[in-house]
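Colleague: Build the full structure now, drawing on both the sequences and the hints.
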Amino acid sequence: DSGVTQTPKHLITATGQRVTLRCSPRSGDLSVYWYQQSLDQGLQFLIQYYNGEERAKGNILERFSAQQFPDLHSELNLSSLELGDSALYFCASSARPITGLSTDTQYFGPGTRLTVL
Amino acid sequence: TQLLEQSPQFLSIQEGENLTVYCNSSSVFSSLQWYRQEPGEGPVLLVTVVTGGEVKKLKRLTFQFGDARKDSSLHITAAQPGDTGLYLCAGVYPNTGNQFYFGTGTSLTVIP
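If you read the sequences in order, they're chains B and U.
Under this note's numbering, the first residue of the first sequence is numbered 3, with each subsequent residue one higher.
Under this note's numbering, the first residue of the second sequence is numbered 673, with each subsequent residue one higher.
One should not assume that every hint holds.
[Stated by the list, open to error] Computed list of lysine to aspartate or glutamate pairs in DMTMM-like fashion (alpha-carbon distance at most 20 Å, straight line): (1) LYS731(U) with GLU689(U); (2) LYS728(U) with ASP106(B); (3) LYS728(U) with ASP743(U); (4) LYS729(U) with ASP106(B); (5) LYS742(U) with GLU713(U); (6) LYS742(U) with GLU726(U); (7) LYS11(B) with GLU713(U); (8) LYS729(U) with ASP743(U); (9) LYS11(B) with ASP106(B); (10) LYS728(U) with GLU713(U); (11) LYS731(U) with GLU687(U); (12) LYS11(B) with GLU710(U).
Just so you know, the hints here were simulated from the structure itself, not pulled from any lab data.
Modeller: Shown next, in the form of structure tokens:
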């Protein structure tokens with residue numbers, strides 16, 4: 003158990019719908035990261051927050067948005083869902099933002115499996 | 673788009689054999705990490721390497737960072753069924769805003 007929690011574990015919805023994925027970081031961790039993992043694209047970095055502020059942005063679609071709240075939990079909102087959005091979505095956390103020369107550990111949650119029908 | 677290629681993509685070996693997994697990029701990394709992911713779970717960090725030429729050992733696992741910091745390898749000695757999983761390398765490149773780029777992954781199966 004990494005200490006990172008994600009809800010829900012599974013989510014099945016239809017195209018065009020909107021969903022919200024929730025992540026609670028490990029106690030004391032200020033940085034949160036979101037990733038998408040699919041069979042054809044592998045693990046893709048979406049976005050990073052540190053203490054409520056956006057720190058880095060990856061290949062996140064405009065239909066997707068995220069935020070980190072004052073209690074440090076984070077939500078990833080996916081709208082106008084398409085079949086291709088079906089994937090595992092992981093949240094990870096670390097004590098501080100991981101930079102190029104940092105050896106901090108990024109702890110991954112168990113993921114949310116999203117299926118768009 | 674930065675691309676990390678891992679090889680082989682799939683590997684199936686007998687318990688007790690040795691193996692090496694490779695991670696290559698055309699660009700220099702600031703740092704590189706190796707993860708192992710088991711089905712239905714998130715990746716778990718194994719090691720972080722920062723210095724070119726660096727070698728780190730974790731029990732039967734040996735990680736090496738290339739001198740030019742463009743490649744890395746993971747060597748497992750006397751593989752065990754518990755080593756089965758997806759091995760991912762992940763790199764941070766300079767001047768990319770601290771984005772993590774993950775490799776394509778190596779799926780390892782160790783047969784008892």
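Colleague: Evaluate each hint against the coordinates.
Modeller: Now the hints, each set against the structure:
Taking the CA atoms of LYS731(U) and GLU689(U), the gap is near 15 Å; set against the 20 Å cutoff, the hint holds. Among the hinted pairs, LYS728(U) with ASP106(B) is consistent with the structure: their alpha-carbon atoms are about 16 Å apart, no more than 20 Å. For the proposed pair LYS728(U) and ASP743(U), the alpha carbon gap of about 14 Å is at most 20 Å, so the pair holds. Between LYS729(U) and ASP106(B) the CA atoms are separated by roughly 18 Å; this keeps the pair inside 20 Å, and the hint holds.
Proximity of LYS742(U) to GLU713(U) is assessed by CA-CA distance (about 28 Å); at most 20 Å being required, the pair is judged violated. A hinted pair counts as satisfied when its Cα atoms are at most 20 Å apart, and LYS742(U) with GLU726(U) qualifies at roughly 12 Å. This hinted pair checks out: LYS11(B) and GLU713(U) have alpha carbons roughly 11 Å apart, not beyond 20 Å. Among the hinted pairs, LYS729(U) with ASP743(U) is consistent with the structure: their alpha-carbon atoms are about 17 Å apart, no more than 20 Å.
Between LYS11(B) and ASP106(B), the direct Cα distance comes to roughly 27 Å. Violation of the 20 Å bound is thereby established for this hinted pair. Distance hint between LYS728(U) and GLU713(U) is unfulfilled; the C-alpha atoms sit about 25 Å from each other, more than 20 Å. Our distance criterion of 20 Å between C-alpha atoms is met by LYS731(U) and GLU687(U), whose separation comes to about 16 Å. For the suggested pair LYS11(B) and GLU710(U), the alpha carbons sit about 16 Å apart, so the restraint of at most 20 Å is met.
In this structure, the hints that do not hold are numbers 5, 9 and 10, in rising order.
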